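Protein chains in written order, with the working numbering: chain S, 1 to 182; chain H, 1001 to 1270.
Hint data in this document are derived by calculation from the structure and do not stem from the laboratory. None of these values were measured; they are calculated from a predicted model. Note that beta-carbon positions come from the ideal geometry of N, C-alpha and C, so glycine has one too. Take the hints with a grain of salt, since some may be wrong.
[Claimed, not checked] If we take Cβ atoms under 7 Å as the criterion, some of the chain S residues that face chain H in the derived model are: (1) Pro17; (2) Arg81; (3) Arg83; (4) Arg140; (5) Leu159; (6) Arg161.
[Said to hold, decoys possible] Non-contacting residues of chain H with respect to chain S, defined by C-beta distances greater than 10 Å in every case (computed): (7) Ala1015; (8) Ser1022; (9) Ala1050; (10) Ala1052; (11) Leu1053; (12) Asp1067; (13) Leu1070; (14) Arg1130; (15) Arg1144; (16) Ser1151; (17) Lys1163; (18) Val1182; (19) Gln1227.
[Stated by the list, open to error] For each label pair, taking beta carbons as the anchor points, the in silico distance ranges come out as: (20) S:Arg64 - H:Ser1134: 26 to 32 Å; (21) S:Ser157 - H:Ser1180: 21 to 27 Å; (22) S:Ala149 - H:Ser1009: 23 to 29 Å; (23) S:Ala149 - H:Gly1168: 43 to 49 Å; (24) S:Glu22 - H:Gln1227: 50 to 56 Å; (25) H:Ala1058 - S:Leu111: 42 to 48 Å; (26) H:Arg1062 - S:Leu111: 20 to 26 Å; (27) S:Leu111 - H:Arg1044: 35 to 41 Å; (28) H:Asp1229 - S:Ser124: 41 to 47 Å.
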Amino acid sequence: MSHGRDDSEAGADASAPDAFEEDVLTLMPALRRYSRSLARSDTDGEDLLQDCVEKVLARRQQWRGVNLRAWAFTIMTNLYRNRHRHRALHPEVEYEEALGLVAEDQNADPLQSRRLERALERLSVDNRSVLMLVVIEGYRYQDVAEMMAIPIGTVMSRLSRARRQLAEAMKDDNVIALRRPK
Amino acid sequence: MTDEFNTVSEDELHAYVDGQISEPERRRIEAWLERHPDRAQEVREWQAQAAALQHHFASYARDSEGDRALVSARRGRGQGVASAPAPVLLRIAAGLLIFAAGALTGFYAPAIVSGDRLPETAENPDSLPRQAQSAFLVYASEVRHPVEVGSDQEAHLATWLGKRLDYGLKIPDLTAFGFSLVGGRLIPVNGTAGALLMYEDGSRQRLTVLLGRNSDNRETSFRIASQGDLETFYWIDGEIGYAVTGEVPRSLLQRVADACYRQFEGSEGS
């Protein structure tokens, strides 16, 4: 009980975020959207987001001071990939099956949203990441190539495959939420 | 024939859809698409798809009230690594025994119960019981959104909050007292991520159980703090502080706290 009230000391105040934490906080909406666009449900998305934030903070020393957003997105993409691999080996109980697909938008057609979610389930992890980074997050192909450490040609072929598979799945009236093992 | 030299690649079509192309290129591709209705159809499909995806996920680009706690959650952790759980538990258990014995005989009341016997916490507005009481006052009165994750996802709730606290959280079962789980939420405690669990009985009377990382490695036996009709039983066990709060008779709250203590004991060692 020595100096509990003295908040003026540098680093003594546990509740005031430092500059790095402030930067992460400003990224939260973008990170939340990206994590949700990769995930199967709201719960799954929040889980991925929180793992990502943990990792970003744990590795803050490794950040080179350029483009925190892209760096955090890369960490998220890798986490998503690892999780998926892990999940394929140890299938989890699908507790969110009934809960996760709630459309936040009041005006959205719930059936249409569900169809879209199910169609997205058919995409491979890598194709889905590329699609979301380009279409939702607005990254340039070159940026995506750097973030994922792949040639730009691979970005293009993944994007193309994602678009075709998604279109195919959306056309299919009997989309069943079957997850392929790979 | 001109078309052969003036062809548009697949990559260019994607770049067209994604707007990653210069204005003259865009016009050239548009003209080409007019002469290739099949590809134009496909491009329209991709455009519609992109719009649907953007629309579908747009509402997720938002802050959440737990973000601040999440981002600051890492701090304060790591210093207080594994503080020899066994002796701590023994001491707590001893305190509990004394407490229970006192409760049986009605003996403990003046010694432990009065809040002003606790100089290190009672005056501090940020002390564990004060934070627990504020949380109770704020959240237990919420009708529609008292919790972030409901009891229908109890397993997920335990995993999620346990992960944020870095602690193998087991959610206490209080049905023996007529209280069932409403759910829980992430909440800042001592400036880092903590957990608030909420319970409710048949008459909608609510109880909360708050868990927070304890930065200064104290241990206490069971203590009680009151604020008006609000009672809080709390104890600190090395890394984690616990506080059970409710507007219920003290004797009931004490039994609930006792049950929580014994059930949390099994949570250690994650």
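For each hint, the structure was consulted:
1. Pro17: Holds: closest Cβ of chain H sits about 6 Å from Pro17 of chain S, inside 7 Å.
2. Arg81: violated, 19 Å
3. Arg83: Violated - the Cβ of Arg83 of chain S stays beyond 7 Å from chain H, reaching only about 13 Å at its closest.
4. Arg140: Cβ of Arg140 of chain S sits 6 Å from chain H, so the hint holds.
5. Leu159: Because about 6 Å separates Leu159 of chain S from the closest Cβ in chain H, which is inside the 7 Å limit, the hint holds.
6. Arg161: violated, 11 Å
7. Ala1015: With a cut-off of 10 Å, Ala1015 of chain H comes too close to chain S, as the shortest Cβ separation is near 7 Å.
8. Ser1022: holds, 13 Å
9. Ala1050: violated, 5 Å
10. Ala1052: violated, 6 Å
11. Leu1053: violated, 5 Å
12. Asp1067: violated, 5 Å
13. Leu1070: Violated, because the least Cβ-Cβ distance between Leu1070 of chain H and chain S comes to about 6 Å, which does not exceed 10 Å.
14. Arg1130: holds, 13 Å
15. Arg1144: holds, 15 Å
16. Ser1151: The claim stands: Ser1151 of chain H keeps its Cβ more than 10 Å from every Cβ of chain S (closest is about 12 Å).
17. Lys1163: violated, 7 Å
18. Val1182: holds, 16 Å
19. Gln1227: It holds; Gln1227 of chain H is separated from chain S by about 20 Å at its closest Cβ, greater than 10 Å.
20. S:Arg64 - H:Ser1134: 26 to 32 Å: About 41 Å separates the Cβ atoms of Arg64 of chain S and Ser1134 of chain H, which means 26 to 32 Å is violated.
21. S:Ser157 - H:Ser1180: 21 to 27 Å: Roughly 53 Å apart at Cβ, these two residues miss the hinted range, so it is violated.
22. S:Ala149 - H:Ser1009: 23 to 29 Å: For Ala149 of chain S and Ser1009 of chain H the Cβ distance comes to about 24 Å; the hint holds.
23. S:Ala149 - H:Gly1168: 43 to 49 Å: violated, 35 Å
24. S:Glu22 - H:Gln1227: 50 to 56 Å: violated, 33 Å
25. H:Ala1058 - S:Leu111: 42 to 48 Å: violated, 19 Å
26. H:Arg1062 - S:Leu111: 20 to 26 Å: holds, 24 Å
27. S:Leu111 - H:Arg1044: 35 to 41 Å: violated, 22 Å
28. H:Asp1229 - S:Ser124: 41 to 47 Å: violated, 58 Å
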